[in-house]
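Given next are the chains, with one letter for each unit.
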Amino acid sequence: MKRIGIADTTFARVNMGQVAIETLRTLSSEIEIERATVPGIKDLPVATRRLFRERNADLVMALGMPGKAAVDKVCAHEASQGLMQVGILELRPILEIFVHEDEGKDEKELAWLARRRTEEHAENAYLMLFHPEEMVKRAGQGLRQGFADAGPLPKGE
Amino acid sequence: MKRIGIADTTFARVNMGQVAIETLRTLSSEIEIERATVPGIKDLPVATRRLFRERNADLVMALGMPGKAAVDKVCAHEASQGLMQVGILELRPILEIFVHEDEGKDEKELAWLARRRTEEHAENAYLMLFHPEEMVKRAGQGLRQGFADAGPLPKGE
Amino acid sequence: MKRIGIADTTFARVNMGQVAIETLRTLSSEIEIERATVPGIKDLPVATRRLFRERNADLVMALGMPGKAAVDKVCAHEASQGLMQVGILELRPILEIFVHEDEGKDEKELAWLARRRTEEHAENAYLMLFHPEEMVKRAGQGLRQGFADAGPLPKGE
Amino acid sequence: MKRIGIADTTFARVNMGQVAIETLRTLSSEIEIERATVPGIKDLPVATRRLFRERNADLVMALGMPGKAAVDKVCAHEASQGLMQVGILELRPILEIFVHEDEGKDEKELAWLARRRTEEHAENAYLMLFHPEEMVKRAGQGLRQGFADAGPLPKGE
Amino acid sequence: MKRIGIADTTFARVNMGQVAIETLRTLSSEIEIERATVPGIKDLPVATRRLFRERNADLVMALGMPGKAAVDKVCAHEASQGLMQVGILELRPILEIFVHEDEGKDEKELAWLARRRTEEHAENAYLMLFHPEEMVKRAGQGLRQGFADAGPLPKGE
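Residue numbers (the numbering used here), protein chains in the order written: chain A, 1 to 157; chain B, 1 to 157; chain C, 1 to 157; chain D, 1 to 157; chain E, 1 to 157.
Bear in mind the hints are in silico, worked out from the structure with no lab data behind them.
Note that the coordinates shown come from a computational prediction; the quantities given were computed from them, not determined experimentally.
Misleading hints may appear alongside valid ones.
One copy or two, it doesn't matter: identical chains are merged, so the pair holds either way.
[To be verified] Derived pair list, reagent style DSS-like, types lysine-lysine, alpha-carbon separation capped at 27 Å: (1) K2 with K155; (2) K137 with K155; (3) K73 with K2; (4) K73 with K105; (5) K2 with K105; (6) K68 with K2; (7) K2 with K137; (8) K68 with K108; (9) K68 with K155; (10) K155 with K108; (11) K68 with K105; (12) K108 with K2; (13) K68 with K137; (14) K108 with K137; (15) K155 with K73.
Okay, chain A solo, but in the shape it has when bound:
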């Protein structure tokens, strides 16, 4: 059994935590879930570290939807730095799954993107914990989570 922490927010406009949990359930029966919900993305680093320390997660999916104003971009940057610091201190992987509100051309695409990116990162979480050798096989493939993959560059001569 592996334990995956789910940290998400009340600020997000999609229940990304629930999407993550549903996807993980379809991927493996050997995953236990621990979930914490906080107000916004800047609260994710502390929540994430607590999922590692107090609830023994092996990996955390940190989910959020930063707004589109300049101040929101700064918030996202701060949250990212905090999450990275927690990962460095805990030596365990954190998948930051942020969907910026201006990434979708309308509300419908934005909702689709939030679900799809979460699903694809849930698969990353699964592979990182159970099949890291599979990640190596995918190195340099230009993979994306959400929109279409960029794909590998042509090798040249």
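Position chains B, C, D and E relative to chain A; hints supplied.
This is chains B, C, D and E only, laid out in the frame that chain A set:
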């Protein structure tokens, strides 16, 4: 009993610390308050860590009103990073409650916003300490503190 | 007795450290001074931590005058982050007293501002160490160091 | 024997990890390789620290290809800071080998650049571990990895 | 005897490390030198910490020449933050001596500046280690390293 730390500033143009204390009093009789006031938002991280270490707070509300000049935006960014670092080191939640001076269309709205955002975050503080399961129920609801909630996105097909 | 560290620079165009010392002398006879001078503001964080660790300061006033070029603004940001980190690690307050070279309309105003901001922060240092309850009374008053106070916002209805 | 860690991503559009390994094989038979592949560059700091701690690397090559959007530039900045922090904590060198998607004038040049920069940094890795005195001889030579060297400035009078 | 660490890069277009060593030799016979050369400025923080830890430096001069592209400015910022973090952790001074490629009006001036700034900071290194009281005497004098000093502001009335 839970203990909530209140860190605020003499720079702010609204007594946000007092608003926080009054709101917490209406939410529960099982909350003890510890308060520290410092000159500006960049002094909040140290004050916050001391509220955790020396006065045993379970959660800190860090309140401030950054100015509207470019240098003030940088200050707010620095303060946010410092607060996040303290939370990570202490493993306890910090609610950063900043109201930027350019968020209100006039002084009246700004004063209203400072009070309202503080009140709504006081409720978050209460829920996080006493009813974390209630936070999970609110995940992905597009909640905002101050102005109107954005609400959840339509689910699409 | 309390001990206040003074960290300042040879880069500054006003002897802010001397202004700080003279002001502290007028405020209390129970303050001991420890001073260190370094080349520029990016050297202040190390000097500040040494004032805490090796010379036992209870609070440090970190004084500097960042230039007006873009690179100087970045330096000031880096210095601020370093000072904040030292405060968090040492759990003791640091008053960052920076005067940006473009804050004054001419050299005369700039020199006045550097002195005045230092004097007003020396008073903050005194209150924080000897009368923290006085700081709480000033919460939300819109106080500024240097130019005129902004004052509190009208309370609205 | 020395052990070099290779951390790379599935996001990259060139298999930079493989290029690094092939180059190191041509440089020395006294190098052992440990490889980890993660989704994106923000996952490199944790992977790098684990290569030091759990797989005993003496140096890590951290390889990635940030995209060209503004958000990608921020990601690269965050990843760089995280990698630097890991190096500082572990006291062992990390070569950050990033190729920005807008550094090539077309896909062909971009692919060439990703390979060439990786090869040249593999040589740096070799020299740093086996012949640090050779690095000192190259000090101030205006060396670049990928495009042509800038070369030393003329000495003047 | 005092020990000064010299950390420099193969990226720089002037052998700043050599300039530093030659200048220090003229200033005192009581200085021992430890030198490490790395590829670029982002490698300086680790090299600097190792000079403190493994080769027992009392102070490190960290020398580099950031390029003029936007990405180079970000690199310089990251390197500066890393150097500051090392200084804070080690409690020993680091003189960051960076010359930006766009600081000189041509290659000749740039080469001159790189040498001159290094020489003037070598004197700072000497004073900080052997005569810190001399630094205090220079406080607020508007000193610069490289180009002409700004000088102190007129005192006003």
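### Task
Sort out which numbered hints this structure fails and list those numbers smallest first.
1, 3, 5, 6 and 12
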